[in-house]
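In order, the protein sequences belong to chains A and B.
If you use the working numbering, the first sequence corresponds to residues 1 to 392, in order.
If you use the working numbering, the second sequence corresponds to residues 1 to 639, in order.
None of these hints come from the bench; they were simulated from the model.
A couple of the hints might just be wrong.
[Stated by the list, open to error] Capping the alpha-carbon separation at 25 Å, the derived lysine-lysine pairs in DSS-like fashion look like this:
| id | chain 1 | residue 1 | chain 2 | residue 2 |
| --- | --- | --- | --- | --- |
| 1 | A | K42 | B | K295 |
| 2 | A | K260 | B | K74 |
| 3 | A | K191 | A | K206 |
| 4 | A | K260 | B | K62 |
| 5 | B | K55 | A | K293 |
| 6 | B | K74 | A | K212 |
| 7 | A | K212 | B | K62 |
| 8 | B | K74 | A | K163 |
| 9 | A | K206 | B | K62 |
| 10 | A | K206 | A | K61 |
| 11 | B | K206 | B | K142 |
| 12 | B | K142 | A | K260 |
| 13 | A | K201 | A | K293 |
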Amino acid sequence: MGNLIAEAISMGWMALAIIAGLMVYFQVSISDPAVKKRAVFKAFIGMVSCLLLFMAIANYKTNFYGESRLLPVSLVMITVTTFVMALYFTNLSALLKIGGMMFFIAAFLSGYGNWLPQVEGGFPPVEEKVTWDTMSTQELADKGEEIIFGGVGKNKEQGAIGKGQCPLCHAFHAGMLGERAPNLLGLPTRKDRLEDPKYSKGDPSKRIYSVKEAFPGSGTAETVQEYIAESHACPSCYVVEGYGVKGTNDKESPMPVIHKPPISLSLPELAAVDTWMYVREGIEPPSFEEIVKSYEKFVPEADRPKQEEEKAAGATSLMADGTEPVDQIFAKAQCVACHTIPEFLGPSGQSVPSWRKGQLLHFALRIRNTKVLPNRLPTTSWNLSPTPAPLW
Amino acid sequence: MGLLTGKRVFSIMALCMMVGLLLLPIVVALPSPAIGEEAPAVGDEAKKDGEKVEKGRDVYYKTEGIVVGAPAPKTTDGPKDYPRYNFESRVLIWFANQQHLYYGSFVLAVPIFCMIIEFMGVVTKDKALAKRYDQLAYDFIKISLTAYSLTAILGGILIFTFLTLYPAFFSYLSGIFRPVMHIYALMFVAESGTLYIYYYGWDKMKEGFLKWIHLSMSVVLNVIGTLLMFLANSWIGFMMSPAGVDEQGRFLGNIWHVIHTALWNPLNLHRILGNMAFGGGVVAAYAAYKFLASKTDEDRAHYDWMGYIAMALGVAFLIPLPFAGYWLMREVYAYRQQMGITLMGGLLAWLFIIQATMIGILFLSTNYYLWQAMGRMRGAEKYQRYIKYLVFLLAAGYIVFITPHTMVMSPAELKAMGGQQHPVLGNYGVMSAKNGGINVIITTTVLSFVWYMRGNKVSTVSWAKFGNIFMGVFFVCAYINIIWLAVYGYYIPANVRVGLSVPQVATTLSCLFFMFALNSVMMRGAKQMGPIEWGKISARSQYALIMLATAFTWMMGLMGYIRSSVRLFWHVNEIMRDNSPWAYTHTVGFAANMISANVLFFWISILFVFWLGSLTAKKVPVESKAGIPGSVPQPAASH
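Using the sequences and the hints, build the whole thing.
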């Protein structure tokens with residue numbers, strides 16, 4: 001408080017001095033005692049109001065970027081100032097009361113905003129620079145697994161998901177059913193797809209699908225690797241029966257083009273993904289260059305995502321950026337403290353409902369890019385907000 | 001006779017000039033090489049020269065086009081792309097943008113009010129009332145005229161702020177919109193010219209055929225204003241949901257695609273309604289200020305009436321606003337589901353809790369004003385004793401509406417409660433209860449309006465008794481239906497529950513349309529218990545208007561912030577990344593402080609504008625101010 005007053009005086013000493021001067025002037029120049037008393041008193045009120053106003057400004061200045069949440073106090077001070085002045089400066093009474101009312105509403109809403117849990121969106125994830133062409137096959141496969149599942153060795157974890165977001169729809173292991181997309185087990189050996197008449201190998205114009213070719217002149221795949229590349233670059237060039245967009249009679253695929261937003265995997269990243277698909281089944285994968293070449297056949301140069309080399313400014317401390325597996329996000333958010341989440345770590349919940357897998361993925365998306373400031377939470381032991389969103 | 005003919009010729013010439021001004025930008029744009037005709041021309045030329053024509057695929061429309069623009073710049077944090085003062089550039093641009101938007105909204109909304117009120121004056125058979133309406137319309141346009149120049153100045157400041165702090169981004173955006181940039185500027189010239197002719201021609205064209213010409217001018221004025229707003233909306237629409245460019249952000253030659261993005265139309269509708277509600281709020285606040293500062297009964301009566309009309313217009317546009325908001329959100333979800341989730345269930349969700357609070361405040365203020373306003377009507381006392389029940393309904397609905405689903409707690413509190421949801425209150429934090437809450441609030445507001453409209457009247461139609469009983473039963477059934485559906489929602493799966501909002505909203509809208517219509521029919525030729533004593537309203541009611549206006553302004557700032565920050569770290573979503581040191585989303589508290597600062601600056605400046613307006617000589621275009629000697633003038637005999 002003392003600091004605030006000192007700061008206010010240092011900022012507003014000239015205004016205060018002028019009002020003090022006026023007070024002296026009224027004292028000296030007005031002869032009628034009643035009028036003099038009124039004028040001096042008004043000057044005094046003006047001085048108090050002026051001090052309050054500068055205290056409010058000083059508080060605003062001090063706490064603008066601070067995390068003390070005391071900024072609305074400035075608005076309360078100004079509200080008090082205007083109402084006090086309205087009492088004594090009757091000529092401006094209406095204007096001051098209206099102003100005071102407005103400051104009061106703003107103070108209430110600002111205070112409310114500061115009272116709520118403080119959630120801040122972090123910077124975009126930093127993309128590390130990777131030298132793909134010098135990686136060993138295993139390193140490349142590990143990188144691929146990380147892109148698909150969010151980490152090495154996570155491919156059997158339920159709900160694990162990485163930047164590529166493949167497990168949102170695809171299953172990868174025997175016995176698992178992909179409800180929205182085919183199981184990818186055995187993909188590197190699916191030569192039969194190329195022989196499917198619907199695939200129309202060598203003559204894309206005869207295809208029955210919504211898109212005939214990845215781009216004009218790209219042609220069709222000749223090898224399994226090219227088939228994989230084409231599937232990523234042009235999902236609607238060939239749609240596996242039963243997995244098309246509803247209502248299109250399997251002529252259009254719901255799968256996004258993987259090298260385009262929002263997923264935007266680069267060709268080397270796609271090569272890493274494919275390498276993992278081979279390696280996990282014990283099949284010798286094509287070389288990195290060969291895989292990249294297979295993609296170049298279906299992705300025109302202008303469409304190829306560039307590797308981001310520039311590092312985004314500032315530190316990133318996101319609670320989740322979408323690359324983490326779902327269970328990790330939920331563990332960080334401590335959802336398991338209250339909720340029963342099947343197949344996830346953590347104590348069973350108490351009186352709150354269980355969450356199903358579909359809901360988990362939905363919630364994972366909801367808290368993406370959400371960072372909760374640790375120092376704004378009720379206790380230091382609870383380092384993440386118990387509620388990332390009001391969830392209504 | 002000759003004088004009258006001369007005036008007619010002058011009026012028609014003025015109108016033609018306005019239409020000419022309106023068409024000028026289009027005419028100028030036609031031969032423009034940048035309108036999109038350029039693309040095929042370049043293509044043909046390139047073909048002739050045997051050069052390779054580069055084609056790109058539209059990120060939204062998925063059509064192919066010839067690349068005619070440069071790619072979106074890949075910015076880096078530094079003085080080249082992000083020059084700065086010793087302050088956060090984003091806060092500065094936020095401030096400049098918001099102020100321009102506030103003033104822009106105001107000067108676009110007020111002429112629409114003016115048009116409506118002037119039209120009411122022209123078609124009203126009661127000459128005294130017609131003059132009152134005309135005076136009111138004139139008062140409205142007078143306010144907006146002073147604010148108009150300030151809007152232009154703020155627009156200039158905004159452009160300079162962009163050029164100074166975000167040159168790379170602004171250069172890219174103006175490159176994309178180059179074909180329509182000069183149209184925007186010319187539209188602004190047309191708007192200014194039209195407004196001045198409209199304002200200064202008021203006295204000259206106050207009667208007969210000339211009045212119709214004058215009224216036509218207001219239509220032209222509003223067409224220009226609306227087109228201006230649509231163009232400005234296309235920029236923000238492009239930033240949120242780009243179209244007409246390829247993945248690298250290169251313009252593909254079709255400017256219509258760039259303008260007509262996925263979110264353009266819902267944004268247009270939402271903004272028109274929002275501007276009108278906001279404009280109503282500002283004019284109501286102006287009237288409240290003048291009322292509170294009035295020294296005579298005559299002035300109080302005039303500004304009381306003005307405040308009521310402005311409030312009614314503002315609320316009339318506030319009611320459909322949530323539905324336009326739903327459409328916008330639906331389109332957002334359709335465009336990018338993740339964007340919708342970030343808004344409604346993720347990073348920005350707490351801001352929607354503030355929005356819910358504000359919606360409640362708006363409705364509570366409106367109701368409070370109406371109850372206070374009943375005090376100036378003889379005969380309305382019969383409703384006073386029932387107001388406490390309305391208060392109960394509103395309070396109950398409001399408390400349910402703003403109850404969050406989950407709350408911030410310490411681990412000890414969490415343990416003591418046994419979960420994140422309170423065993424009792426937690427039940428009200430779900431959508432089912434909230435839908436019930438807000439529908440109860442809106443229905444109660446409709447009921448307040450119906451009571452206000454029949455305050456000093458007694459229906460004389462033969463079926464009045466039946467009509468009253470029918471209305472009463474209709475409202476009771478509506479409340480029962482809304483509350484029952486809200487309760488029923490707890491017992492059914494979520495996907496079915498979502499569908500319950502439709503019958504709830506339908507019930508509320510039925511009350512709105514059917515009951516207003518029925519009430520109007522019943523009150524036709526009704527016996528008046530006494531006149532409306534304009535000016536004899538409590539000062540508290542005027543503070544309700546101030547509350548309404550400030551809350552509108554705050555909500556506009558809040559929703560604008562939400563809409564803008566949903567792009568997260570993109571200048572142009574998925575096309576041009578923000579690499580400045582401010583490419584993150586601020587905390588809720590910081591945003592609230594910033595919005596408050598913007599709101600207060602706007603109000604302080606516009607109060608200054610009001611004060612400036614009061615310095616000008618009182619101009620009375622019609623003789624109505626004289627009134628009837630010896631009596632306090634009554635602005636309108638009815639609502």
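Checklist entry - Within a Cα-Cα threshold of 25 Å, do K191 (chain A) and K206 (chain A) meet the stated pairing? => result Given pair K191 (chain A), K206 (chain A) holds - Cα atoms ~20 Å apart, limit 25 Å.
Next on the checklist: Check whether the Cα positions of K206 (chain A) and K61 (chain A) lie no farther apart than 25 Å.
Outcome noted: violated (70 Å)
Checklist entry - Straight-line Cα separation of K212 (chain A) and K62 (chain B) no greater than 25 Å? => result With Cα atoms ~15 Å apart, K212 (chain A) and K62 (chain B) stay inside 25 Å; holds.
Checklist entry - Under the criterion that the straight-line Cα-Cα distance not exceed 25 Å, is the pair K74 (chain B), K212 (chain A) satisfied? => result Violated, at about 33 Å.
Checklist entry - Given the hinted pair K260 (chain A) and K62 (chain B), is their alpha-carbon gap at most 25 Å? => result holds (13 Å)
Checklist entry - For the pair supplied as a hint, K55 (chain B) and K293 (chain A), is the alpha-carbon distance within the 25 Å limit? => result This hinted pair holds, its Cα atoms lying about 22 Å apart.
Next on the checklist: K201 (chain A) and K293 (chain A) were given as a pair; does the straight-line alpha-carbon distance stay at or below 25 Å?
Outcome noted: holds (19 Å)
Item to check | Hinted pair K142 (chain B) and K260 (chain A), Cα distance within 25 Å | outcome: violated (53 Å)
Item to check | Proposed proximity, K62 (chain B) with K206 (chain A) (alpha carbon, max 25 Å) | outcome: holds (22 Å)
Next on the checklist: Against the 25 Å threshold, does the CA-CA distance of K206 (chain B) and K142 (chain B) hold or violate the hint?
Outcome noted: Judged against 25 Å, a Cα distance of about 16 Å means the pair holds.
Next on the checklist: Can you confirm whether the C-alpha distance between K74 (chain B) and K163 (chain A) stays at or below 25 Å?
Outcome noted: holds (22 Å)
Item to check | Pair hint outcome, K42 (chain A) versus K295 (chain B) [Cα-Cα no greater than 25 Å] | outcome: holds (23 Å)
This entry does not satisfy hints 6, 10 and 12, going by the numbered hints stated previously.
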